[in-house]
Amino acid sequence: MNDTPFNVGRIVLSTQGRDKGRFFIIVEVVNDNFVLLADGDLRKLEKPKLKKIKHLRATKFIANNFIDKLNNKVLVLNSDLRKEIKHYTDVKEVC
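For the sequence shown, my numbering gives the first residue as 1, with consecutive numbering after it.
Think of the hints as simulated: they come from the structure by calculation, not from any bench.
Derived lysine-lysine pairs resembling DSSO-like cross-links, with alpha carbons at most 30 angstroms apart:
| no. | residue 1 | residue 2 |
| --- | --- | --- |
| 1 | K44 | K20 |
| 2 | K44 | K86 |
| 3 | K20 | K54 |
| 4 | K73 | K52 |
| 5 | K49 | K86 |
| 6 | K69 | K20 |
| 7 | K47 | K73 |
| 8 | K54 | K86 |
| 9 | K60 | K20 |
| 10 | K69 | K44 |
| 11 | K92 | K49 |
Distance ranges between label pairs, derived from CB positions:
| no. | residue 1 | residue 2 | range |
| --- | --- | --- | --- |
| 12 | T89 | P5 | 14 to 20 angstroms |
| 13 | K54 | L75 | 29 to 35 angstroms |
| 14 | R82 | R18 | 17 to 23 angstroms |
| 15 | V29 | R82 | 19 to 25 angstroms |
| 16 | K20 | K73 | 33 to 39 angstroms |
Quick caveat: nothing in here was measured; it's all calculated off a predicted structure.
Glycine included, every Cβ here is placed at the ideal spot set by N, Cα and C.
Work out the full structure, taking the sequences as your base and the hints as a guide.
Right, here's the structure in full:
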């Protein structure tokens, strides 16, 4: 993977806009300034959100199941994204 914290599969926190405080998974890196995000709930994989990187905070968690499915060309569902984000928030609460 890249050295940048903003790569596909990374769980990020929105810091600006109406979605401030929500967690998303990066589904595509558009360029150095923009990424496409989805959470499987408000932002589905069919219509990901275009967001500036400067309006995001990267977490240390990477959605490995999501990346594995992409690499193996397996259909990724919105429920998969919700599970990954829920798993991250559950782990975060325990720590």
